[in-house]
Structures are given as C-alpha cells and as structure tokens.
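Which chain is which? The protein sequence lines are A and B, in order.
In this text, residue positions in the first sequence follow our numbering: the first is 1, and each later residue adds one.
In this text, residue positions in the second sequence follow our numbering: the first is 156, and each later residue adds one.
All clues stand as given, with none of them false.
In silico SDA-like pairs for lysine to any residue, Cα to Cα no more than 25 Å straight-line:
(1) Lys69/A with Gly239/B
(2) Lys69/A with Met217/B
(3) Lys157/B with Arg59/A
(4) Lys69/A with Glu15/A
(5) Lys157/B with Pro54/A
(6) Lys69/A with Gln215/B
(7) Lys157/B with Gln215/B
Rough simulated footprint, nothing fancy, chain B against chain A, three-plus residues with beta-carbon under 8 Å:
(8) 49-55
(9) 126-138
In short, the hints are calculated from the structure, not lab data.
Yeah, the Cβ is synthetic: ideal placement off N, Cα and C, and Gly gets one too.
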Amino acid sequence: MSVSVQEADFDVGAEIAALSAGRLEVGGLASFVGLVREANDGSRVSAMSLEHYPGMTERALGEIVEQAKARWPLIGVRVIHRVGGLQVGERIVFVGVASAHRGAAFEACEFIMDYLKTRAPFWKREETPAGGRWVEARDSDDTAASRWETGGAEE
Amino acid sequence: MKIRILYFASLREAVGQAEEELGLPEGVASVGGLREYLVARGEAWQALGAGRSVRAAVNQRMAGPEAAIEAGDEVAFFPPVTGG
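Just chain B, same shape as in the assembly (with noise of 0.2 Å):
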C-alpha cells in the first residue's frame, strides 16, 4: 500500500531527496492532499507550500490539485518546466 514519490529540479534540492516510498498515509487521496501531508514535515518542505509555483504528475501524467492518488501510484512533484 505504497506510493512512490519523485521530486525534480529546485524542488528535489530543497527538500533535499530525488524520491522516497511512503505508505499512503490516512486521509489522504489526491494530489494536493499528499501535498499537505507533505508541507506539514517541516521547514524544508515549504517549497511545496501553498503559495509556490508547484506542479505535479500521477503516473508520468500532468495532474492537478484533484487528481487521485491510489497504492503503488508515482507521485511527482516538480516547478514549472523550462526546457525547449
């Protein structure tokens, strides 16, 4: 009952790790869910906090706010993208 959670570019420096597996935790479903889950670790972590330019992926799909997260999903989160 795990989700894999990836982080990329300024964001995967500022909370220091490129991805981590975590048991889905209580309550949360959806994407910004797991994002509060996330912010609430601590100070690092505020670069996913609400006020910050974030996007997020589900299974290697561009993934708002609402989107479902469900056990054995990839989570990604990461700033807006810059390449081209």
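Pulled out of the complex, with its shape left as it was, chain A reads as follows (with noise of 0.2 Å):
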C-alpha cells in the first residue's frame, strides 16, 4: 500500500529502504519529512492534534500519487501522514519517491507535497500560551501548488 493514515509513528529508514528493495533500476530516491515545529506565526506551540476526514484522505492522497506517476516516470511512492495528538519535534508526513534519476524523485517529491498541503482533507490545531487554535491555510502554499499548473516543472 503506497499511502498510509495513521496516529503511529514510522521509520524513516525502513520506509527509504522499503522503496528499493529488490528494485536494481532504481537510480535515486528523494524523501521528505514534515515535523511539528515549536513555533507558528509567532507563537511558541507546545503541542498539535491532526484532524482528518477518513475516506477522502486516502481518496485524495491516493489521486495524488497517481497524478505524479502520470508526470514521472517512477519506480516507487510511498506517503504516510499521520493524525491525532503530536508533541513538538514528532514526524507528522512522510514522501518518499524512487525512480532511476534524481531529478524525476525531486520534482515528484516536492509535487506530492505541495499537493498534499493543498488538497488533502487534514486540518491542524496547535497548543499555544494563549491556548487551542486552528492553524490557517497558507497563499503561499496554494502559490506553490499552482506553479505545477503554469508549467513551473517540466513536464
């Protein structure tokens, strides 16, 4: 299963390593890992909980991985997002692509993400001092996924 939505962590390692066993044409793999930070739009957070809309999320997610392998050639995708109560410092998603040169697992990799930020149904609460609150939605994250459409990448 190439997408996971879970309250566990995982192992980064295992994940990377899962992507290339038993697979000699795989020539590169990019991974990236989203944590939660101690601070947000000028807050200290001590906390956040993921909130999720189970069904949709592995629907969308699901459509995410196959638009990128429309666009790359790739060997292999895996995404895990996790949901529920995270401490500061703890992994919240993982991306890991492989393909048989760097810059296809790049570009996919970053596209997932961007994607994800955009279109999959997950919805951050952060812990401040001041108390719970949702986190915003970013412009700059609906920027960065819109560059995928305006020939930003190379097809």
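Assembling the complex is the task here: the two chains are given apart, and the hints tell you how they should meet.
Set out below in structure tokens:
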C-alpha cells in the first residue's frame, strides 16, 4: 500500500529501504519528512492535533500519487501522514519517491507535498500559551501548488 | 431522499455538530444552494456565510459551489486544509 493515514510514528530508514528493495532499476530516492515545529505565526507551540476526513483523505492522497506517476517515470512512491495528537519535534508526514534518476525523484516528491498541503483533507490544531487554535491555511501553499499547473515544472 | 452532511475542524466547532442527515430541501440542488440554506439556520451557521473561507466536497471529492447534489450524497464543509 503506497498511502497510509495513521496515528503511529514511522521508521524513515525502513520506509526508504523498502522503496528500493529488490528494485535494481532505482537510481535515485528522494524523501521529505515534515515535523511539528516549536513555533508558528509568532507563538510557541507545545503540541498539535491533526483531524482528517476518513475515506476522503486516503482517496485524495491516492489520486495525488497517481497524478505524480502520470507525470514522472516513478518506480515507487510512499506517503504516510499521521493524525491525532503529536508533540513538538514529532514526525507528521513522510513522502518517499524512487526513480531511475534524481530529477524525477526530486520533482515528484515536491509535487506530492505541494498537492498534499492544498488538497488532502487534514486540519492542524496547535496548542499555544494563549490556548488552542486552528492553523490558518497559507496563500504561499496555494502558490506552491499552482506552479505545477503553470509550466513551472518540466513535463 | 436524504443527504449526509459532515463538518470538520473549526467549522465543526462553530456549528456544534460533526454530521447530520437532512432531507434534501426543496429547491436545493447544488453545494452553493445547500450552503445558503444552512446559513439561514441562524447565528452559529454564519461560519458558512458568503464571506467565509469554506471548502466543500461531494462524495469525498473536492467540489465547487456549482457542484450538483442529489439524494444519497455525502456532502462535507470544512475550512481550507492545513496538513503536511
């Protein structure tokens, strides 16, 4: 299964190893790991909880992976996104992409993250000294996702 | 002839419920129409108002205000997503 939505942490090394296990045509692996940062929008953050839309989340992530596979010659893709309560410093998301060459792996990894941030139904609520607050969506994330539609990436 | 409506995150808190079943109201045939119908319920429902940043999905796919709604559909309203 290339997409997982789970409360449990994941083993980055094991996930990367699995992407190329027995696949001698893999020449490059790119990965991204997102973490709970200690500060956001000028406030200290002590913890975070992630809500999602069960069913749609898995479908949306699966569609993003399929779009990446249609755009680049990928050998393997793995996406893991955690939900529930997370502490500062904990891992939130893993994206790993295997291809024959680095260009496709780097680009597809960034494409998947950009689309995940704007299309997958997750919502972050963070705990700050002033209380809990829902994280606001950033325009910069929409801008990052839209560049893949305006010729910013090589097909 | 019912639809299922789901609310998530800050929108769920604002309207005070995570989901409901609703007979498809007379004259409501789109996401935008349903949103207007819900806003008319009162104060808490202004979170779905025209000036607010609200996204929607029909049957678990992102949907714009013009998207059609039929009996049996699952419709969701939520704020812009913030995963990753």
